Structure formats: C-alpha cells, structure tokens
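Peer 1: Each chain is listed here by its residues.
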Amino acid sequence: GESVGLHLPTLSVQEGDNSIINCAYSNSASDYFIWYKQESGKGPQFIIDIRSNMDKRQGQRVTVLLNKTVKHLSLQIAATQPGDSAVYFCAVRVSGGYNKLIFGAGTRLAVHP
Amino acid sequence: NAGVMQNPRHLVRRRGQEARLRCSPMKGHSHVYWYRQLPEEGLKFMVYLQKENIIDESGMPKERFSAEFPKEGPSILRIQQVVRGDSAAYFCASSPPKENTEAFFGQGTRLTVV
Chain V
89 GESVGLHLPT LSVQEGDNSI INCAYSNSAS DYFIWYKQES GKGPQFIIDI RSNMDKRQGQ
149 RVTVLLNKTV KHLSLQIAAT QPGDSAVYFC AVRVSGGYNK LIFGAGTRLA VHP
Chain P
5 NAGVMQNPRH LVRRRGQEAR LRCSPMKGHS HVYWYRQLPE EGLKFMVYLQ KENIIDESGM
65 PKERFSAEFP KEGPSILRIQ QVVRGDSAAY FCASSPPKEN TEAFFGQGTR LTVV
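Chains V and P, in that order, are what the protein sequence lines are.
So the first sequence is numbered by my numbering: it starts at 89 and just counts up by one.
So the second sequence is numbered by my numbering: it starts at 5 and just counts up by one.
Read the hints as simulated data drawn from the structure, not as lab findings.
Just to be clear, a hint being listed does not mean it is correct.
Here are the simulated lysine-lysine pairs, DSS-like style, with alpha carbons at most 25 Å apart [as the list claims (entries may be wrong)]:
1) Lys125(V) with Lys48(P)
2) Lys130(V) with Lys31(P)
3) Lys48(P) with Lys66(P)
4) Lys48(P) with Lys130(V)
All values reported here derive from a predicted model rather than from experimental measurement.
Go ahead and model the full structure; you've got the sequences and the hints to work with.
Peer 2: This is how it looks when you write it as structure tokens:
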C-alpha cells in the first residue's frame, strides 16, 4: 500500500532563512501531491499542490519540487517568518480523482527571531 | 462564504457513551471526507461521502463507527460505545462535485474519552 514519510521530524530555522521540508512516498502511480500547514488547534490549511506531470511549482514564497525518479517531494519556504511556525504535512492522493489522501507524519517547523 | 464548519470543537465522553460529530460542508460542496488524527501523527482517511451515499469507507473501523450525509443537514460521524483509544481529533473536509478538485478542511472536533 501507499506510505508517506518525512525525513526530519523537527526543523529549526532563523527568521529570514530559507526552509526545506522533505517527504518520500512509495507508490509510483501517485498523481497528485499536496503540502498542508497545520497550526496548533486548527485544521490543515492548503499551501501548494503539484501534479505528477510537473517537477516544480511556485507560489508566494513557497516552491514544491517533485522528483518522481526517487519518489521524493520537497517544500521550500523562502525568507521564513515567525508566522510560518507550524507542522507541515505532505499528502498524496490515492488515484481515483477524489480526495482520499495519505498523509505523512508531519515536520514541525520552528522559526526563531 | 463560510468555510467547513465542525461542531462541537471539543467533546468529552465517558467510556461506553456515544459521540456525534457534525460537519457542514462549504456552500456548493457535496463531497465530504472524514479524517482522524492522533497526537503527533498525520491525518488518516476514514470515509468519503456524497449526498445520501457512502462512496469509500475503507478507513472506517468495522465496528462502532458510522457516517452519514443526508439530503438535508450536516454530515454526521457517529461513534458508539466510545473507548479511550477513540480519543483523537476528527477532521472533516469538503470539495465540489467535480473530480480532481481541492478539499478544504474544517477546524476539527477534539474528542476526549475519559
């Protein structure tokens, strides 16, 4: 079955630095990948997504990179701010066109002033 | 346009009682998903419903758990005879009636079984 894992459980960065959060997935048939941000006591908030026919997608201060060869996904946050402190999850959609998602365990990002 | 609304936000039940969790999807969304999150873990898919239909319940425990999404009213996740291991955050997400569209999550219901 599908599994999604993260390389680092906690990431501490200085304010203004760039952050990189990594994620590995196991099913090469996965076609849609999403990054979510979850603040304490809240639900997951969509950050950025990417489909399997792309290898890079950029948003506002965030970039997602997809390496299908090694089944690896990363989220890059530029100029990290204290408000970026949260737990970040990657999620992979199981094929079928609907939102049955397999979530990774999460990486906690701590931004220090 | 209000987001996905879940209530209650916090629910405390004694072992053996029933828990009912409610989810009102975003306006125009007819697809609802329920996920469970244990502390320090990612979300786990439970069930996917459309109006009056359960489409995929592959993540639902075989006993004590049920879900519905009636024609009128919110989606309900029902847990009968709760046990301590049911303590978790339960999240609902909704999406429009189209394939390959993003799902939006509610703020969750935190269930504590004492």
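Peer 1: Okay, which hints does this one fail, numbers in order?
Peer 2: none
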